[in-house]
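In order, the protein sequence lines correspond to chains A and B.
Everything in the first sequence is counted per the working numbering, starting at 423 for the first residue and increasing by one.
Everything in the second sequence is counted per the working numbering, starting at 38 for the first residue and increasing by one.
Hints may contain errors.
The list that follows gives simulated cross-link-like pairs (lysine to aspartate or glutamate, DMTMM-like), each with its CA atoms no further than 25 angstroms apart [unchecked claim]:
(1) K56/B <-> D495/A
(2) K672/A <-> D206/B
(3) K436/A <-> D252/B
Quick caveat, the hints were computed from the structure, so don't treat them as lab data.
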Amino acid sequence: MNKKLSDNTRGLIKLTVLRIIVYAILIFLTALCLFFFYLMVINASRSNAQLATGFTLLPKENFLKNLVNAWNDSSINIPRGMLNSLIIALSSAVLTTYFSALTAYAIHAYDFKGKRAVFTFIIAVMMIPAQVSALGFVQMMNKLHLTNSYIPLIIPSIAAPVVFFYMKQYMESVLPLDVIDAARVDGSGEFRTFNTIVLPMLKPAIAVQMIFSFVSSWNNYFVPALLLDKAEMKTVPIMIAQLRSADYSKFDMGKVYMFILLAILPVMITYIFLSKSIIKGVTAGSVKG
Amino acid sequence: MSKKKTEENGALKSVSYAKWGYIFIIPFFVVYIFFTLVPQFLTIYNSFFESYRIGLEQVGPNYVGLENYRTLFSADSDGIILVLKYTFNTMWLWILGAVPQFVIALLLAIFFTSYRLNIKGQGFFKTVIYMPNLIMAAAFSMLFFTLFSRVGPIQALLEEWGWIDASFDFFSKRVTVRGMIALMNFLMWFGNTTIVLMAGIMGIDQSLFESATIDGANSVQVFFRVTMPLLMPIFVYCLITAMIGGIQMFDVPQVLTNGKGVPNEMTRTLVMYLNGYLTNKNYGMAGAISVFIFVITGILSGFVYKRLSAPYKDKTRLHRRRKGDVI
Chain A
423 MNKKLSDNTR GLIKLTVLRI IVYAILIFLT ALCLFFFYLM VINASRSNAQ LATGFTLLPK
483 ENFLKNLVNA WNDSSINIPR GMLNSLIIAL SSAVLTTYFS ALTAYAIHAY DFKGKRAVFT
543 FIIAVMMIPA QVSALGFVQM MNKLHLTNSY IPLIIPSIAA PVVFFYMKQY MESVLPLDVI
603 DAARVDGSGE FRTFNTIVLP MLKPAIAVQM IFSFVSSWNN YFVPALLLDK AEMKTVPIMI
663 AQLRSADYSK FDMGKVYMFI LLAILPVMIT YIFLSKSIIK GVTAGSVKG
Chain B
38 MSKKKTEENG ALKSVSYAKW GYIFIIPFFV VYIFFTLVPQ FLTIYNSFFE SYRIGLEQVG
98 PNYVGLENYR TLFSADSDGI ILVLKYTFNT MWLWILGAVP QFVIALLLAI FFTSYRLNIK
158 GQGFFKTVIY MPNLIMAAAF SMLFFTLFSR VGPIQALLEE WGWIDASFDF FSKRVTVRGM
218 IALMNFLMWF GNTTIVLMAG IMGIDQSLFE SATIDGANSV QVFFRVTMPL LMPIFVYCLI
278 TAMIGGIQMF DVPQVLTNGK GVPNEMTRTL VMYLNGYLTN KNYGMAGAIS VFIFVITGIL
338 SGFVYKRLSA PYKDKTRLHR RRKGDVI
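Isolated chain B (complex conformation) (with noise of 0.2 angstroms):
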């Protein structure tokens, strides 16, 4: 069809816009592939070489196959197997925080969204529990530490109080340290999952819950048999979000400990234990790291996929097909 015709059928809409679709969507691949896929790639390949650093003088780059994966994950000269610890110490500072935030943040949004409860100043106690999230990690995790710290207003106030004496120190146990990050984690996170979770409930037909209280279901009831069954895909996203970001965990940590992981490297994370290889140029193991973390997040993310692409598994959703256009 000539272009003279189609105008001629004065069918405006038969004229195809797909070459803008491509163009749009020129920056976004660009960037993307040059910042983000080819380092990933990049990164991958690193893993399979060996290339460090001793004082000045630069080992490598030399292919070594799958050397610094065996290194990885063999035991050191204590019989220990550090990528594992550092997986369990970030596991354990996760789910330290994330056990409370979570049921904290169930809690709040039940008692948020009851009809019965008719809880006043809703805006200004979501205000204040969201407001640590937008916190810099960095930085309250420096306040943490000079709060908590030996010469610290805490220490001085619990001795006062005779909680603890002189010798104490936040810093030293793995309880306290541990529990400190869990702490900020804890706070930094549930004011955030509030508001997710409240908005889930809140997506409820409300009907649902008329009627199991007319049919004589109390409170409880109602939670376990209506509420948490319509909100478990929200809350199991929510729940691997969380994991993902869980695994990440570093500024809170690295500021807290200056990157020791005290004590006795108790609080090391995953993504500190790359960091010390990146800072220190040893560009193989960090390599190692990076895909064990890759594959880890990975798995989760298959999750998250399945949950935000569902909506547009149908086509009509994505393909809007309108009379007459061209594809």
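Chain A with its partners taken away, still in its complex shape (with noise of 0.2 angstroms):
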């Protein structure tokens, strides 16, 4: 009785000295998170030569001048950019969740010739990334003037496998053909029923996907860099990038910190408040099936 006392005693010290170890980790690495957004913050706040003193953990009294002087800069047009960026980033997220449900739905509940080779092909092609076939996209865009244009920017996007792939898991568990019969029953025609029916019982899909496709839109450099080249048609990633081969020395380091803050402001906001359900949507796609 007495040993086994003393063993009971001795696993809950051990679980104890676990989890404090457990939580120093978690809160390193938390920390480690933070710690450089944090600096950001603080540095965003400091004027140029406030900066030329070093590091420091305590804000200063700057950050509106800043804010001021990064928005009204002559050279790098945040506000146009930001603009820019919020132009494509929304038209991409409407475009790709609409239309990747629809194919997902094609797939869903239409029984047609072919269909498992068109389920086969997207499934095959889906992580195919963008770099290689730039080449010939820029080549065809220099060729149709769609250079400094959204056009490319925005379109592709109405054909995104990834996005198809977690609509036609997400109907699997919520859509089923029933409604869609009785919806046919009723009269309605097979595109209204898709309108008027079908996307409503998806809305919580379409929600996650149209963050997560304004997001990866927002933050996507590579084909749009080489696209556009009209400073008054530029992306914010863009704009960071210039930064960086601008001549640095010429630069209040404040105003800089700025930009880097802008540029990630919009998506910071809306993780803020949406965080539970983006969290939600990453495993989806990839774990279940």
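Given two chains presented individually in distinct reference frames, assemble the corresponding complex, making use of the accompanying hints.
This is the structure we're talking about:
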């Protein structure tokens, strides 16, 4: 009896020690994740002269001044860049979710010859990155005079195999075919059924995929950098890269930190409000099935 | 069967809706063919032509067969095959970030799912560690550049602590530049991997853990004998998608080193190499590199395809035939 009790106590001590170690690791990783962004915010509140004095963990009073300076900068038109990025990212998010759902619906709800081949094809090309067709893409857009246009940055999002796959899986769990039959009995046309009955049932999936495609479009750098060279058409990532290649010594560093802050701000705000559903959306598509 | 007769039978279901399936996939395929498939073939086609610019003068395009590939895989004046050097750079950068990424993610996934540990504040921890995944890579990289630059705060802090002297430069050493890129990749991806692996562990039948414990297995044994074998398919899937992502590595090293791959092109990746030729409009060489990257990702994609399509091998899941359906 006595021995058993001491075993239990020993087990409890072991567990407590283990817990302390685990929490220490978690706190360290959390701090590491936040550290660089914390420094960014702090440094965005310091003037160029204050920044030259080195490292500090405390904010200074120049946040608003840096914001005004960055916002009104003549060489990097950040408000314009943010507007451009917003237009592209929002349009892409809407198109990609709508048409991916439509494509997935075609596979989910209808039986037609070649359906299996269509499905196989989409899954097979899912992982092929945009970089490997970028050359032909840029060449074609040049020929069609579509450089410095947002069409080649928005329209391709209609064909998004990853979003399609997510939608297909989601439909399997929430969309019974009887619902579609019932709509048919009520005389609803196929296209109308999709828009008025199916789409509302997919709301959660659409919301999650809209966020993910908004974020990836907002952050996209490789292809836009090859297509946009007019200053007023440039997106935020291009402007950030431009900042890097500019003559560094001439820059007000407080402003530079502010530019970086502005570049990630819209995504951060979205994340703060929707982190729960975003994190839920991460696993779908890779684990299920 | 006439349409009238169908209606008489009351068999509404025997009307064929197949055409709607075709109609609904049209937008996807028109866009895919026009914006991806044709450009893909055009890219491959370009790789067989000599086409570049010297100043304002355009050379080619002239058909040269496999000459671009020969150039791509031949050694330069220093005896270095550049494409292989950049492939190894890309691999190194990926491995340096991916090893801690997967080790930490696996550990965290086990911590978070452990019933015995019962970690509190999981929502908060997950929210924070996933956050860097959404940050614009170009901006994150620019942030690292400013923080680690010679006039940046990290340099100042480490000098103050006496760890480095004033002549130290994070951007002049292979190990520090690679380290910075690996750290960024690690920070951007370990939260994502943690969440996916967690879901994988939670998908394992809980009774297996219980019976292993009752049989006297300790937590290390449970991990190696139960958790890991059952998690393997998802773990491998994660690893391969991460590799495919690794091959595309561009934004972070490009912005951090201003496209130069300092020091001495030791951090230049394959896609940075491709980007160089694309911006110089050397389309022949850019085509050959694209095909090279395409082949590597294609091989890795095979594994992903296998996993994702496996549940659909059983035809009933894709073809839900119902009574009376006409195909």
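Here is how each hint holds up against the structure:
1. K56/B <-> D495/A: violated, 55 angstroms
2. K672/A <-> D206/B: Measuring from Cα to Cα gives roughly 20 angstroms; hence the hint holds.
3. K436/A <-> D252/B: holds, 21 angstroms
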